[in-house]
Amino acid sequence: MPQFVPNLELNAALYAEVVAPLLGGRVHSAALLGWGSEVLGLDTSRSTDHGWGPRLQIFVEEHDVDSLRQLIDEALPESFRGWPTRYGWDSTPVSHHVEVVPLGAWLERWIGLDPRGGMRPMDWLLVPQQHLLGVVRGAVFHDPCGELGSLRRALEWYPEDVWRWLVGCQWRRIAQEEAFVGRAAEVGDDLGSRLVAARLARDLMRLCFLLARQYWPYSKWLGTSFSRLADDDGLSAALTSVVDASDYVSREDALVASYEAVARRHNRSGITEPVDPRVRQFYGRPFRVLMADRFVDACLAQITDPWLRSLPLVGSVDQVADSTDVLAFAERSRRLRRLYQSD
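For the sequence shown, the positions run 66 to 408 when our numbering is used.
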């Protein structure tokens, strides 16, 4: 087997050494975007056993698609740097993976719409964050007109009101369950207490991505990507202690440290007016919680869009749904638009 190199590096060379010379002076742009650990720059030698190899997208006008597809089909070598250029996996048949496609058609398939004409707030809510990452990450190899660069800048992050609403919805998830850790432990349900604590840890991690203005990836790479966020407040250690805790007292202590660290990150982000980051008792019960609805209210107070303010606080599709069979397919995610429509 050839020596592993990151897929982005392999395909930069594939474009420069093979595909670009084949295309000559034909107008096109080229990139590696979309799905896969390699687009996030997280592939390793393990990745090469499944759906990994020479591949990229060539974006052209519709009238050039057929001729350029035929050219690449006929002229692409059988291998590149020791890696076969034609391969398959699962239900994907053996073929080459230099895709020739109009940019608009690729965007419709990948995120469910062509955003170059603008994105409404609902459009932002219906695109899973992993799919947005698939556009703004990866690599662009050729972009003579700057169209891919403009697209990636436009999708780099949410509009301000959408951002505030998503952060508020993420805090609402925490507010709804933060007292359950203690209540489950109080009745002797240690497993239930652990499970709720783990859910809260994941929701706090996802909230940190939002506060850092970074899209979160799908679950396989959530921890790895989280480890690359700034961590000068000990949050990673506190979250690790949450999921490691074998008793309720230490679990609550770790959650308190985690809540207060994320609350301080919220205040440092400037997304709202500062909110007291200290925990408190859950009404008359002996559970220390953040009472996170205070942060929800602070976010809602900053939102000017009346449509967003009218919505139930369910969040975007990947705050609502946790199914890969929904979030991996743009057309299925968009079926959730009914959540954001008034009766």
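Hints were generated in silico from the structure; no laboratory data involved.
Quantities reported herein were computed from a predicted structural model and do not represent experimental measurements.
Built from N, CA and C at the ideal position, the CB exists for glycine as well.
Misleading hints may appear alongside valid ones.
Stated by the list, open to error - Simulated DEER-style distance windows between Cβ atoms: (1) A170 with D114: 29 to 35 angstroms; (2) A366 with P149: 25 to 31 angstroms; (3) D155 with H128: 17 to 23 angstroms; (4) D362 with L87: 56 to 62 angstroms.
Here is what the structure says about each hint:
no.	hint	result
1	A170 with D114: 29 to 35 angstroms	holds, 30 angstroms
2	A366 with P149: 25 to 31 angstroms	violated, 57 angstroms
3	D155 with H128: 17 to 23 angstroms	violated, 33 angstroms
4	D362 with L87: 56 to 62 angstroms	holds, 58 angstroms
In this structure, the earlier hints numbered 2, 3 are contradicted, and the remaining ones agree with it.
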